[in-house]
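Engineer: Take a look at the letters that make up each chain.
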Amino acid sequence: MGHAYTPGLRVSEHAVVRKERRLPIAGKVLVECGAAVKARDIVARAELPGDVATVNVVNRLGIAAAELPRFMLKSVGDPVASAEPIAENRPWIKRFRTVVKSPVAGTIESVSRITGQVLVRTAPRRVELAAYIDGEVVEVFENEGVMVQAAGAFVQGIFGVGGETHGELVVVGNGPAAVLNPGDLHQGLADKIVVAGSLLTSAIYKRAAEIGIAALICGGIHDSDLRELLGYDLGVAITGHEKIKPILIVTEGFGPMTIAKATYQLLESRAGQAASANGATQIRAGVLRPEIIIPSPLAAARGEGKAERAVLGLRPGSPVRIIREPGFGRLGAIKSLPEGLVRIETEAKVRVAEVEFQDGSVAVVPRANVEAIES
Amino acid sequence: MNPSDLKVVAATDCGSTTTKAILIEKKPEGYRQTFRGEAPTTVEAPFEDVTRGVLNSLAELEELSGRRILDGERIITPSNGNEGVDIYISTSSAGGGLQMMVAGVVKQMTAESAQRAALGAGAIVMDVLASNDRRPPHEKIELIRRLRPDMFLMSGGTDGGTVTHVVEMAEFLAAANPRPRLGTGYNLPVIYAGNTSAREAVQERLGKKTELRLTENLRPVLERENLGPARGEIHEIFLKHVMAQAPGYRKLMTWVGAPIMPTPAAVGWIIQTIAGNQGINVIGVDIGGATTDVFSVFGEVFNRTVSANLGLSYSISNVLAEAGLANILRWVPFDVDETHLRDTIKNKMIRPTTIPHTLEELKIEQAIAREALRLAFIQHKSLAVGLKGVQRTRTISESFDESMSGQTIINMATLDLLVGSGGVLSHAPRRSQSMLMMVDAFQPVGVTRLAVDSIFMMPHLGVLAQINQKAAEEVFFHDCIIELGPCVASITPGKRGNPVFTYEMETDEGVKRGTIPAGEMLLEPLALGKTAKLRLSPARGIDVGAGKGRPLEATVSGGVVGILFDGRGRPLAVPEKNRSETVERWARAVDAYPS
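Top line first, the protein sequences correspond to chains G and U.
Counting in the numbering used here, the first sequence runs from 64 upward without gaps.
Counting in the numbering used here, the second sequence runs from 53 upward without gaps.
Bear in mind the hints are in silico, worked out from the structure with no lab data behind them.
Even for Gly, the Cβ is constructed at its ideal location relative to N, Cα and C.
Don't take every hint at face value.
Listed next, the in silico DSBU-like pairs over lysine-lysine satisfying Cα-Cα at most 30 Å (straight line) [as the list claims (entries may be wrong)]:
hint, chain 1, residue 1, chain 2, residue 2
1, U, K582, G, K91
2, G, K412, U, K582
3, U, K59, G, K91
4, U, K547, U, K433
5, U, K260, U, K59
A few chain G residues that don't get close to chain U, going by computed Cβ distances all over 10 Å [claimed, not checked]:
hint, residue
6, G90
7, E110
8, A116
9, A144
10, A168
11, L182
12, R184
13, R188
14, L329
15, R387
16, E408
17, V413
18, G423
Computed footprint of chain G on chain U; a stretch qualifies when at least three of its residues, placed anywhere within it, have a C-beta under 8 Å from a C-beta of chain G [to be verified]:
hint, segment
19, 270-277
20, 326-339
21, 379-388
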């Protein structure tokens, strides 16, 4: 794969982050282009159609479907309260009268002369969309949402669980390789986004949940601990819908993993600042990695940041990370990219890269197993 | 250009993980596949444009072949000497493939037929709705709204049959008012292929809310399926709506000289061609990063299933979740720490393009592949069934057994050929590894030919066949299929250590004889192009395909691995005692790994 390389996770001190905020269905946009917004500000609102309850009226009344309209007390579009009669029969003997009541409060959506069903739709549900990051509205999608832009630090994790959150960024523990104990977490960390060392255990997570920490950022986690905190074995990496607090962002992978130096240093340098984080991950069909965004008002004012990152690929000198055993997590630089196929231990013939590590040692690694470190 | 005048063809398959490009050239001896290149698929960020991966894979093809194919970002056509290609074609399963929901009235009848129609067209079926599926209406409506398929296939009722239930489903669909998965500017495509008497009522309910298309009933009478017209509609909508919404596909569609096909539809065509040309029963499997597809042709009946979350990269963790750790570990020929194994699998899931670098990791990945294949085959057998609900006249003897309509039509005793495809089978460092994985997962019985797709080019040939069938067939038989050799397996397990059968193998070099003990395997070399006459004599009570204790004679062709004699019996059981040693011994018997 001469033209193949694995794009790395983005760790950028000065980035321009654009977040598209779209409603699931058409609604109303509440802000104008150019408006300054805070992460928790509501930028758009919509009314989601309510749930539908079905009532098989013909079965209940013992009539033919074609006769249904004659027995209806309500018409399409009429509002109904819960337990309000919507249809009844008219027997000769009143004692045998059957009344069909609406199971929910809502509106009569349809009355079918073919199936004999009446559909009642409950009241619409309000959906509100927050800005998610502190920034500026740079585009308005009529009736659909907005684009919010901010300049600041941007860090991608490899895997996360849970949705969007906000809070002050705090670093706990001593360095990127630290392994915390539950006792290292204290009540003062409630609602904070906490950088929590190289290995997150389920004991640490439980303690964080008790305190009410908003998000935990760690280098690695054992799959067995993830299973314990989720309550099930995660089959496919599509996450973000979990209703958990704290959300979880893993920067390196599964197992004990020192947080990459660049990631740690950047997060440490922004400690005390307000951050937005999202654990949502989707590795298939449109990759989505978890993220931490720390907008910087100064950077925005100065117009700093790189909007688009150049996709350069691998070349001699490119900083890389090994992303599979042996040497998972080691950092180095491309020494050379041999053209031909090379036979590796498995006997497979693959394209390789010669990687020189920080200690001066060199290893031949399948190109598929190195990741470009991008900024 | 006239399809028969094609001299140089470039074809790509945009898979969920990798975009594979091949070059096919017309040589004096016929069409041949000459070069192959690949690059990661770029449907995802930061590229979000499938054409980048296509260009990268074609650039690799250029490098390896010395032929100039690209002029910047343009594919040079037609060919002229050592420059350009006459046509560029492609298949695609990137971006999650084609995702559909289907519905019918009776789950085991019209809904199942609708499912077969969608699967045969190359779709992943997200859910099957039926009037009798026991889910309350509000749950069905919520499901339709939540799943957001690419399209919806609605069937139900034989012609002149029930209208009420069909209309009920249309009402649920209208109430859900579903949005398509990709894009915002159009309504969800819905194909109605049910009772013709209900068309008007369905039109009334869905005509304004969806992009409704009416086609022939896919189950006009209980005794017959008519899946062709519905499949045709699915392909058309796939191209017009679904493909056009995926990142970069609008551009890709202007490059191709023939419509882009869903990868499984192209592979399905090839499997049907093999079966049809040779008049044999075939099972094909394509194990990918996200999904595993199984295709079969038994007695001219074609079936395809897709196990949407059984794959070796994106879905590898789901194989662990579905198969369970113990089932994976039973194939690993060494002791492995459970925590480490779980972390390894999850790390592959989050970095799906990595490859095993060490022998231990290769063995673990191949153990997981066995389980993905096994589970996908179980699913296939449950859907590849005879039509249910059909009235049959039974003989007296039949009325004593339990068989009824709707039994699986997969009969391993009549299987002639098992073909494997997909990275883990096509690119296994040794072909004997592919053979062993397929035998362990599918457990063929009697005498069965085994083959693999040499470099994973069945999809490319499937789409090529749409414009030049002769070229596709020539490349298929010369370059695509690698015969591994036959597997000769006893059905009955026998008592460990005792002989299960003896064999006599007559070739032009002489006669070889041997004995296969219960629980063991033996590989006899028989080169590609050679044939051998086999005479098998089973021990008492042992069945090698002709009945208990009955001898079997067969003429078999060789392959790159040889003849595998398998005395382990069926169903295959890995002994718990000395598990590692046993699995290691089986691997050694076929020389699967370097010592």
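Engineer: Against each hint, give a clear statement of whether it holds in the structure.
Structural biologist: Here is how each hint holds up against the structure:
no., hint, verdict
1, U/K582 <-> G/K91, "74 Å, violated"
2, G/K412 <-> U/K582, "28 Å, holds"
3, U/K59 <-> G/K91, "57 Å, violated"
4, U/K547 <-> U/K433, "29 Å, holds"
5, U/K260 <-> U/K59, "48 Å, violated"
6, G90, "13 Å, holds"
7, E110, "13 Å, holds"
8, A116, "6 Å, violated"
9, A144, "19 Å, holds"
10, A168, "15 Å, holds"
11, L182, "6 Å, violated"
12, R184, "8 Å, violated"
13, R188, "12 Å, holds"
14, L329, "19 Å, holds"
15, R387, "4 Å, violated"
16, E408, "5 Å, violated"
17, V413, "7 Å, violated"
18, G423, "21 Å, holds"
19, 270-277, "violated (count 0)"
20, 326-339, "violated (count 0)"
21, 379-388, "violated (count 0)"
Checked against the numbered hints given earlier, the structure breaks hints 1, 3, 5, 8, 11, 12, 15, 16, 17, 19, 20, 21 and satisfies all the rest.
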